[in-house]
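A.B. asks: Quick mapping for you: the protein sequence lines, in order, are chains S and V. Going by numbering that gives the first Met the number 0, 83 is the number at position 84 of the first sequence; the sequence numbering is gapless. Going by numbering that gives the first Met the number 0, 2 is the number at position 3 of the second sequence; the sequence numbering is gapless.
It should be emphasised that the hints constitute simulated quantities derived from the structure, not laboratory data. This structure is a prediction, so every number in the text was calculated from the model and none was measured. No residue lacks a Cβ here, since even glycine has one placed at the ideal position from N, Cα and C. Honestly, I wouldn't trust all of these hints.
Stated by the list, open to error - Output of the computed footprint for chain S on chain V, the stretches with three or more beta carbons under 8 Å from beta carbons of chain S:
(1) 33 to 44
(2) 47 to 59
(3) 66 to 77
(4) 80 to 91
Claimed, not checked - With a straight-line cut-off of 27 Å between C-alpha atoms, the simulated BS3-like cross-links for lysine-lysine are:
(5) V/K37 to S/K379
(6) S/K126 to S/K193
(7) V/K62 to S/K193
(8) S/K379 to V/K72
(9) V/K37 to V/K64
(10) S/K346 to S/K265
(11) V/K64 to V/K11
(12) V/K11 to S/K22
(13) S/K126 to S/K198
(14) S/K204 to S/K261
(15) S/K372 to V/K37
(16) V/K62 to S/K22
(17) S/K193 to S/K257
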Amino acid sequence: MLSTGFIFGLTGALQYVLPGFLKQVFSFERTRPLHVSSIVFWILLCSMGAVFVYLQQHTGKKIFSSRLLQIQLGLFVIDIILILISYCFGVFGGREYWEFNPLLAIPVIAGWILFGYNFIRSVGNIKNQPVYVWMWITGIVFFLFTFLESYLWIFPYFSRHLVNDMTVQWKSYGSMVGAWNMLIYGSSIYLMEKISGNKQYARSKIAFILYATGLFNLMFNWGHHIYTLPTHHYIQYISYAVSMTELFILGRIIFQWKSTLKAAQKYRHHMAYRFLWYADIWIFLNLVLAILMSVPAVNVYTHGTHITVAHAMGTTIGINSFLLLGIACDILEDTSVSARLNTRLLKKGQQLTNVSLFVFWIALIGAGIVKSKWQMSPIKPAYFELMLQLRPYFMTFFFAGIGITTGFMIIIIPLIRHHFRCKNLRKEENDKINQQQATAA
Amino acid sequence: MNALEGKQVWQKYNCNACHQLYGQGGYLGPDLTNIYSKRDTSYINAFISTGTTVMPDFHLTEKEKQYLLTFFKNIDASGNADPGSFTINRDGSIEQ
Numbered sequence: 000m001l002s003t004g005f006i007f008g009l010t011g012a013l014q015y016v017l018p019g020f021l022k023q024v025f026s027f028e029r030t031r032p033l034h035v036s037s038i039v040f041w042i043l044l045c046s047m048g049a050v051f052v053y054l055q056q057h058t059g060k061k062i063f064s065s066r067l068l069q070i071q072l073g074l075f076v077i078d079i080i081l082i083l084i085s086y087c088f089g090v091f092g093g094r095e096y097w098e099f100n101p102l103l104a105i106p107v108i109a110g111w112i113l114f115g116y117n118f119i120r121s122v123g124n125i126k127n128q129p130v131y132v133w134m135w136i137t138g139i140v141f142f143l144f145t146f147l148e149s150y151l152w153i154f155p156y157f158s159r160h161l162v163n164d165m166t167v168q169w170k171s172y173g174s175m176v177g178a179w180n181m182l183i184y185g186s187s188i189y190l191m192e193k194i195s196g197n198k199q200y201a202r203s204k205i206a207f208i209l210y211a212t213g214l215f216n217l218m219f220n221w222g223h224h225i226y227t228l229p230t231h232h233y234i235q236y237i238s239y240a241v242s243m244t245e246l247f248i249l250g251r252i253i254f255q256w257k258s259t260l261k262a263a264q265k266y267r268h269h270m271a272y273r274f275l276w277y278a279d280i281w282i283f284l285n286l287v288l289a290i291l292m293s294v295p296a297v298n299v300y301t302h303g304t305h306i307t308v309a310h311a312m313g314t315t316i317g318i319n320s321f322l323l324l325g326i327a328c329d330i331l332e333d334t335s336v337s338a339r340l341n342t343r344l345l346k347k348g349q350q351l352t353n354v355s356l357f358v359f360w361i362a363l364i365g366a367g368i369v370k371s372k373w374q375m376s377p378i379k380p381a382y383f384e385l386m387l388q389l390r391p392y393f394m395t396f397f398f399a400g401i402g403i404t405t406g407f408m409i410i411i412i413p414l415i416r417h418h419f420r421c422k423n424l425r426k427e428e429n430d431k432i433n434q435q436q437a438t439a440a
Numbered sequence: 000m001n002a003l004e005g006k007q008v009w010q011k012y013n014c015n016a017c018h019q020l021y022g023q024g025g026y027l028g029p030d031l032t033n034i035y036s037k038r039d040t041s042y043i044n045a046f047i048s049t050g051t052t053v054m055p056d057f058h059l060t061e062k063e064k065q066y067l068l069t070f071f072k073n074i075d076a077s078g079n080a081d082p083g084s085f086t087i088n089r090d091g092s093i094e095q
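Just need the whole structure built from these sequences, with the hints factored in.
C.D. replies: Rendered as structure tokens:
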């Protein structure tokens with residue numbers, strides 16, 4: 000899914016650089032949802048996988064039903080294929096951000112309910128569970144809730160009033176991102192616990208305070224998406240006030256910077272930790288940007304510009320994808336066989352991805368500043384003139400996009416190869432044992 | 000004719016992938032929230048009938064074009080999406 004997302008992302012970026020590229024056969028209204036849905040499904044599938052693997056390690060038992068898991072995976076895989084095909088044929092949901100035909104949302108809902116049921120039955124008793132289990136539960140419940148909410152538009156009662164409809168839409172999407180973040184951050188806390196061997200943090204007061212802050216923001220900090228809509232003023236004030244609680248998280252990151260650096264030094268050879276460390280840097284950068292964008296007086300300049308794209312890309316690539324790849328490294332690094340990951344290659348991939356992502360991020364912020372100046376000016380030149388002015392930024396983010404894609408491929412391909420090598424080695428070892436047993440008998 | 004039908008046309012062709020409403024959407028094309036009061040209907044009609052260098056011709060039917068125009072009229076009447084005209088208060092909040 001990640002590779003598909005990159006292919007369509009690069010095609011979309013090329014359509015910015017070369018206006019009219021593939022206009023009649025595969026225009027931007029197709030490439031954009033293909034890119035967005037591929038990336039969102041990469042995040043969702045990986046998050047679900049990580050939750051199930053780590054849940055088994057946490058409880059020391061197998062999950063409640065592997066049959067349900069197979070059905071869930073089957074539903075998602077078939078649905079994803081249908082969704083991607085539907086875009087190619089020009090069948091859309093037509094909503095901003097993550098969209099597909101409402102009929103294709105039914106398997107996602109069904110698959111998610113199976114995921115939730117299987118998870119709850121596998122956890123058993125929820126009393127005295129560490130913070131990551133609570134984060135997983137929160138992510139599962141809120142994703143389902145917000146996903147259903149994002150389809151309220153199919154009822155004329157909700158879609159009749161355009162501004163109300165957009166408010167509900169962005170309330171659901173804003174919280175939905177928070178919901179899948181709960182799944183990913185929960186898994187990364189578990190991973191950190193595993194690497195450090197310190198089981199205290201996930202049961203500490205500070206972990207639960209940070210979780211509560213995250214949950215509070217998930218529920219009420221979606222308003223910055225719609226500050227510029229003619230809605231009730233209290234939405235703006237609540238969101239503005241709630242978003243400022245993120246300063247607490249930011250303050251903690253700065254306060255703990257020294258100990259984070261120490262840990263980075265200690266675990267620098269650990270591939271999974273290196274991903275967590277890079278994600279930490281991106282969390283810091285994007286949190287600063289998010290807090291600034293949550294101030295309505297700043298948001299008025301950034302809203303509707305590429306700065307919001309910089310934030311979205313910074314979080315999905317720099318935070319979500321890095322954390323998920325860190326988790327993948329941990330899960331795939333099978334210690335029961337002699338094969339080892341090619342860490343030299345993975346490190347090169349990490350470096351290339353990070354440098355390219357930084358250039359990409361800065362180019363988007365630069366484009367956003369130019370667009371902001373344009374949209375705040377009383378006399379606006381024609382839109383195509385603005386697009387011409389933005390061309391150097393588009394070219395930069397296109398080439399940086401190639402760098403990010405190459406970097407990720409340098410990471411993903413060895414990971415997949417390693418997974419199959421381990422599988423073969425395990426099989427060979429099992430065959431050898433069986434043969435020895437047969438000879439002995 | 001109500002705006003709901005126009006909105007369905009807007010969604011059917013995934014216009015939001017390239018255009019914005021109240022700053023929400025793709026940035027390949029301009030924000031169209033207040034296009035109805037800024038340009039006359041024949042100008043809008045010309046664009047949605049033939050496309051542009053970047054925008055394909057979607058071959059909209061006459062009915063779909065009418066629905067879309069009604070949608071633009073309604074969204075335009077719902078408010079102002081020009082951030083340059085907003086008032087910034089001293090407490091950091093904004094007003095349209």
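A.B. asks: Confirm or reject each hint.
C.D. replies: Comparing the hints with the structure gives:
{"no.": "1", "hint": "33 to 44", "result": "violated (count 0)"}
{"no.": "2", "hint": "47 to 59", "result": "holds (count 6)"}
{"no.": "3", "hint": "66 to 77", "result": "holds (count 3)"}
{"no.": "4", "hint": "80 to 91", "result": "holds (count 8)"}
{"no.": "5", "hint": "V/K37 to S/K379", "result": "12 Å, holds"}
{"no.": "6", "hint": "S/K126 to S/K193", "result": "21 Å, holds"}
{"no.": "7", "hint": "V/K62 to S/K193", "result": "61 Å, violated"}
{"no.": "8", "hint": "S/K379 to V/K72", "result": "22 Å, holds"}
{"no.": "9", "hint": "V/K37 to V/K64", "result": "18 Å, holds"}
{"no.": "10", "hint": "S/K346 to S/K265", "result": "16 Å, holds"}
{"no.": "11", "hint": "V/K64 to V/K11", "result": "13 Å, holds"}
{"no.": "12", "hint": "V/K11 to S/K22", "result": "18 Å, holds"}
{"no.": "13", "hint": "S/K126 to S/K198", "result": "17 Å, holds"}
{"no.": "14", "hint": "S/K204 to S/K261", "result": "23 Å, holds"}
{"no.": "15", "hint": "S/K372 to V/K37", "result": "20 Å, holds"}
{"no.": "16", "hint": "V/K62 to S/K22", "result": "24 Å, holds"}
{"no.": "17", "hint": "S/K193 to S/K257", "result": "21 Å, holds"}
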